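S.K.: Sequence:
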Amino acid sequence: MHNNKPEVEATRLVEETELGGRKPTDWSRWIILGLAVGWSVFQVWATWIGSLDQLFFRAAHLAFAFALVFLVYPFNRRSRRDRIPLFDWVLGITATLSAGYVMWQYKEMIEIRGGLANQTDLVVGSVTILMLLLAGWRSLGPAMPIITVVFMLFALTGPQGLFQGQLPGALGQLHAGVQWRSLVSQLFMNASDSIWGTPIGVAARTVFVFVLFGAILERAGAGKWFTDLAFSILGGVRGGPAKASIVSSALTGVVSGSSISNVVTSGTFTIPAMRRAGYSAEKAGAVEVAASSNGQLMPPVMGAAAFIMADFLGVPYSSLVLMAIVPALLAYTTLFILVDLEAVKLGLKGLPKDELPKFWPTFRAGVHYVFPLAYLLYALLIIELSPERAALNTIFLMIGVALLQELYLAIRSGRGVGSGLRSFAQIVVEGFANGARNMVGIAIATGLAGIIIAVVLITNIGFGLTDLLQTLSGNNLLVALFLAQLISLVLGMGLPTTANYVVMASLVVPVITKIAEENGIDYGSLTFSGIEVPILKIVAHMFAFYFGIMADSTPPVALAAYAASAIAKGDPFRTGVQGFVYELRTALLAYMVFFNPGLLMIGVESVLEGGRIITTALLGLTAFSAATLGYLLGKANWPQRLLYLVAALTLMPNNPNTEIIGIAVLGMALAWQWLARRVIPASQR
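Everything in the sequence shown is counted per the numbering used here, starting at 279 for the first residue and increasing by one.
Simulated from the structure, these hints should not be mistaken for lab results.
Be careful, since some hints might not be right.
As the list claims (entries may be wrong) - Calculated cross-link-like contacts (lysine-lysine; reagent style PhoX-like; alpha-carbon spacing at most 25 Å):
id: 1; residue 1: 636; residue 2: 502
id: 2; residue 1: 847; residue 2: 502
id: 3; residue 1: 627; residue 2: 913
id: 4; residue 1: 847; residue 2: 627
id: 5; residue 1: 631; residue 2: 502
id: 6; residue 1: 627; residue 2: 502
id: 7; residue 1: 913; residue 2: 623
From a predicted model like this one, the values you see are computed outputs, not experimental measurements.
Put together the whole structure using the sequences plus the hints.
M.R.: Given below as structure tokens:
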């Protein structure tokens, strides 16, 4: 099962995409390590005391990200990886000092200057914005910085703007426009709707500690245990390596909100095993891409976007976790069915038993990893601690588990207590360092997202977009949702999930909510801490979240597909296209949730009703998988695939009448295939 080449390739890919690609060989590597570990220690301390001023805390969070981003992310692929150029030191120090200025001046900026920039603020704020754009270009690619600049330029147009008269006709009259000083005051001096707004606040307060917990758990060996456990159970069955990949990625997704990290954690083992079982390089990579992308659906850690969604909605994260469980299980169950059909279609078998780990020894070797995960669920769902406090307590528990693990292994092997303590220290230091470096891109993305949200509020661009989408869709809700889906997928070509979701939530979600209301959709509301939250708003945000998840598997960029194809030695584009086809069921799931809040267990009044909703959704997703794959009881021709598609669409809404039609159509397609298998010889099918 183990192959050193994929492991080396996986490590390189993590370094390139998640940790930055630079690995200095001189003294500067210790600076990077110190900054990364120091950031994690600061975050743990700040979460522990829980009383830092929010603007100070967010500025410190970005200051650490600034300090690391220019040191670990090279300028381009041709830049040297073994040393840090002087120019990058200058950029890193300049960016860090610009955020440090806010840490120093935050009280005066808000209380004395009232959020209006003086000349020093204007200069430092302008530098901070520029550094944020450059940092985003390095850590996220060009798409998000370019989109952010377009939004800023739009804010500066209008009759009173810096670039008044630069946009023709009605475009130039959409809003009044602002001068540069006013824009900087909004983006840099404001504690809420700005760079320092909700997205980076959630990243600093909540996301970091969850990412840190995942990094320590992974460094302690949990990722490999998840994979070995999945192979011990499923590796020998039909299409076993692909099914093990799904289970492994689902388990890894419990603690990892990153699809790319998930790909390289489990894909190192699962993709070569799938290749040995007979999958092509592209199909093996695509299965891992789909399984890892759906890891962001899996509670309790659903990625940074889910934490931001909870904050946007005003819904406790624990409630969001409970809502997300059924759709996540449906997504993975359907993927499991899909790869089983693919295995039958291709005539694939499992791996020989002698190549697979034995279940009980494997289970015993890592059962201790279950305790921190069980505590995290207990803390979130039973005693309802805040997410950040639950994660912090789990980090401390995980550190204790890692200590006992390393001492036990050292004593059992005869290496002695000292060796165990050294191994434990290495796990903690590397876990703290990797956790911080994993957060760099998220911190930068959320800072840029704050700019976009601020411009949306300054310009009221949402009203113009509402009019545009209403015109394009003819006020038809399905057409509006489809257009929203296209926008999300186009954004997904260049934006990571978190950024994609924030842009969609700021611009598109209010539009589709308004159109849905005008189409007579009203699901009522839920009350959280005395505040009513419309259910329509929840399902609209879920719709955006699910399509945001597809960002990492959307060609032509599809970063998760590049990671998987590098391990599989396949074509990245073809892997991305195949992974996207596998992921289309997530798109249908988004529509199902929008039209059927019962899938979030909202408004379900009995076990029987819940069972009906889940069963019809599973049938619909299975029919959709058959339509996209072209196989169920056997190879499906185009009329049969069309019937499966009709069945899937009619099983989508929570409507008993259309459900009866959908089940009847599905039955027709199955009967047609069954009769065809009985009548037509196998050689002619």
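S.K.: What are the numbers of the hints that this structure violates, sorted from low to high?
M.R.: none
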